[in-house]
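Student: These protein sequence lines map, in sequence, to chains A and B. Per the numbering used here, numbering through the first sequence is continuous, rising by one, with the last residue being 239. Per the numbering used here, numbering through the second sequence is continuous, rising by one, with the last residue being 403.
No lab work stands behind these hints: they were computed from the structure. Keep in mind that a hint or two might mislead.
Stretch by stretch, here's where chain A covers chain B in the computed footprint (C-beta under 8 Å, at least three residues) [to be verified]:
| id | segment |
| --- | --- |
| 1 | 8 to 21 |
| 2 | 130 to 142 |
Cβ pair distances, simulated, as ranges [stated by the list, open to error]:
| id | chain 1 | residue 1 | chain 2 | residue 2 | range |
| --- | --- | --- | --- | --- | --- |
| 3 | A | 131 | B | 345 | 51 to 61 Å |
| 4 | B | 43 | A | 154 | 53 to 63 Å |
| 5 | B | 310 | A | 214 | 31 to 41 Å |
| 6 | B | 398 | A | 131 | 16 to 26 Å |
Values in this document were obtained by computation on a predicted structure and should not be read as measured data. The beta carbon of each residue, even a glycine, is placed where N, CA and C say it ideally should be.
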Amino acid sequence: MENTSQFCHERGLPFLEARALSKTYQVGSSTVHALREVDFAAMQGDFVVINGPSGSGKTTFLNLISAIDRPSEGEVLIQGVSTNTLSERQLAQLRKDKIGLIFQTFNLIPVLSAAENAEYPLLLQRRPKIERAERVRSMLAEVGLGELGRRRPNELSGGQRQRIAIARALITRPKLVLADEPTANLDSETGAQVMDLMRKLNEEHCVVLLVVTHDPAVTKYAKRQIRIHDGRLIEGGQP
Amino acid sequence: MTWWIPLRSLLRNRRRTLLSVAIIALGTAISLFVFGFLEDSRLQIQATTVDEYGNLQIASPDLWDDTTEDYNYLITPETEAQIRQLLGRRDKITGITSQLQFPGLIAAGNQTQVVRITSQVPENDTLNIDAFVIAGRPLRTSDVASVLMGRSLANRLGLTVDDVVTLTLTTVDGAYNATPLRIVGIYRFTSEQVELRSLFMPVAFAQRLLNTSGVDRLIINLESISATNSEAASIQRLLDDAALSFEVRTWDDLSPFYKQLSGFFDILFGFLTLAVFILVFFIILQVLTLAFLERTREIGTIRALGTTRGEVLGQLLLESGWLAVIGSVTGVLLGFALSLGFNALGIQWQPPGTVETSVLSVQIGLLIALPPFGVSVVATLLSAIFPAIQTSRLRVVDALRVE
């Protein structure tokens with residue numbers, strides 16, 4: 001778990017912070033506490049694995065960090081800015097510019113080719129066509145799929161789809177990448193290739209990488225791990 | 001964001017898209033065909049009406065209002081000359097003639113019939129009845145005691161060319177007058193009513209019968225029907241400026257039948273449009289609701305990647321916009337093909353109130369296509385608004401949970 005990026009050695013304010021983060025749901029007449037007062041911080045270049053049993057609150061935690069859901073209490077700060085203070089439009093802007101998301105089921109857009117899926121976040125950012133083409137070319141090469149850009153997702157294997165999803169998550173050069181069970185739908189060999197790739201990208205691009213997983217094989221790639229149980233963070237909250 | 005992603009999305013489920021396009025196209029094509037048919041009928045009736053009345057008529061308000069039993073609405077030769085001088089310099093006028101109409105009673109054997117005598121200048125291109133003469137000959141300037149009789153009236157009275165009828169009338173002074181008239185020709189017209197009620201004779205002879213030198217109206221032909229209203233307004237201003245108290249009436253003012261029929265066509269097309277609108281709206285609403293619902297997870301994904309609600313809404317509406325345009329353009333082309341095929345059949349029919357058969361045909365043109373095209377596009381876009389708004393407002397986490 002060595003860090004090869006000089007920039008990633010720098011220490012200062014946390015890039016990402018969760019303060020007393022709680023999420024409750026109302027199910028009928030009862031209240032479900034999905035997350036209870038979680039405190040967490042991650043520095044630039046961190047690679048954190050989030051473990052915990054099913055239903056422990058890992059995905060809820062990731063949803064709150066990625067600003068696709070709002071906390072019931074507490075707050076998430078990204079580069080010191082609380083997401084609670086941001087409007088829907090500003091949250092969308094934050095996700096577009098600073099956060100890369102990798103889903104368990106890849107979530108590629110079926111009508112777009114592999115290259116167009118990777119290009120999609122750049123379209124959202126209204127980048128010029130030439131820049132988009134150059135970045136897609138280099139990103140696909142980086143994830144080892146330079147030759148498969150024209151293929152549709154249904155023409156790709158599970159591992160290839162997840163690589164495209166990774167390319168899509170990283171193409172805007174986000175500072176924070178969140179992955180929810182990225183190897184769950186892959187065989188062990190392909191899972192290892194994907195995790196090798198993610199570690200390489202974490203080191204070379206110096207992004208904060210948070211990976212939710214059940215898979216013990218994934219844990220060995222992380223610089224640190226945290227455990228969530230019954231909605232509480234029980235170890236590893238601070239760097 | 002981009003125009004091509006919605007287009008691709010539209011093509012993902014080709015069978016469903018094809019069905020949607022077919023529904024929109026069918027609605028547009030039917031609407032276009034019926035509209036084209038009604039427009040063609042309207043134009044035919046318009047042409048017939050202009051043949052009967054000319055484009056414009058100038059007369060005293062007393063004549064138009066039908067408020068007097070006397071002939072005090074007649075235009076004297078001096079006034080007629082003054083009006084003709086005023087109209088002489090207008091480019092859009094292709095012909096001017098004068099008419100003197102009056103009621104009379106004709107007797108043939110033991111049969112009598114109330115008629116309306118229309119007297120006009122023979123051998124004049126304006127409102128020329130010559131082309132409608134089917135037996136005998138047209139009127140000549142030198143004719144005296146001669147008339148053209150409508151085919152339907154001649155058939156009813158059992159008369160033919162060279163037969164003689166007696167006309168009884170009242171002169172402008174209120175005296176009775178009677179004269180024998182020789183039928184020099186039989187004319188046909190599209191309207192049976194015209195054939196039954198109108199006899200034509202030279203205006204000079206009519207003036208002698210009525211004991212007047214005046215006429216009751218001036219009739220103006222224009223280079224096109226579309227110039228009617230603007231030219232009517234201009235001529236009215238000219239008359240007013242010259243302190244001549246005459247009123248200009250347009251051909252559609254003079255024909256209540258045309259106005260009623262035109263209104264009926266509008267109502268008919270309105271109902272059809274409404275039916276097509278409702279059909280397209282509800283079917284496409286259902287199709288798009290299903291299509292958007294199936295993509296909930298995908299919408300959640302693009303929202304998670306940073307697409308705003310507004311952008312999602314825009315993409316979905318653009319998608320339905322493509323559907324609307326593709327469906328409506330297909331419908332217009334289908335409607336044109338249908339119309340061309342129908343016109344090629346050359347089906348004959350006899351419109352109500354006419355004695356002539358004519359070819360059933362459908363107007364084809366971009367202006368005809370615009371209303372059906374617009375209705376289909378608007379119906380499709382409106383049907384997309386509700387499901388698109390619902391979909392764009394989904395919470396991202398909820399959308400991502402959908403399998």
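Student: Against each hint, give a clear statement of whether it holds in the structure.
Tutor: The hints, checked one at a time:
Counting residues of the segment 8 to 21 of chain B whose CB lies closer than 8 Å to any CB of chain A gives 4, which reaches the minimum of 3, so the coverage claim holds. With 0 residues having a Cβ less than 8 Å from any Cβ of chain A, the segment 130 to 142 of chain B misses the three-residue criterion, and the hint is violated. Here the CB-CB span from residue 131 (chain A) to residue 345 (chain B) is close to 60 Å, well matched to the stated 51 to 61 Å. A C-beta distance of roughly 55 Å is found between residue 43 (chain B) and residue 154 (chain A), which places it inside the suggested range of 53 to 63 Å.
Between residue 310 (chain B) and residue 214 (chain A) the Cβ separation comes to about 37 Å, which falls inside the hinted range of 31 to 41 Å. For the pair residue 398 (chain B) and residue 131 (chain A), the supplied restraint of 16 to 26 Å is violated, since their beta-carbon distance comes to about 34 Å.
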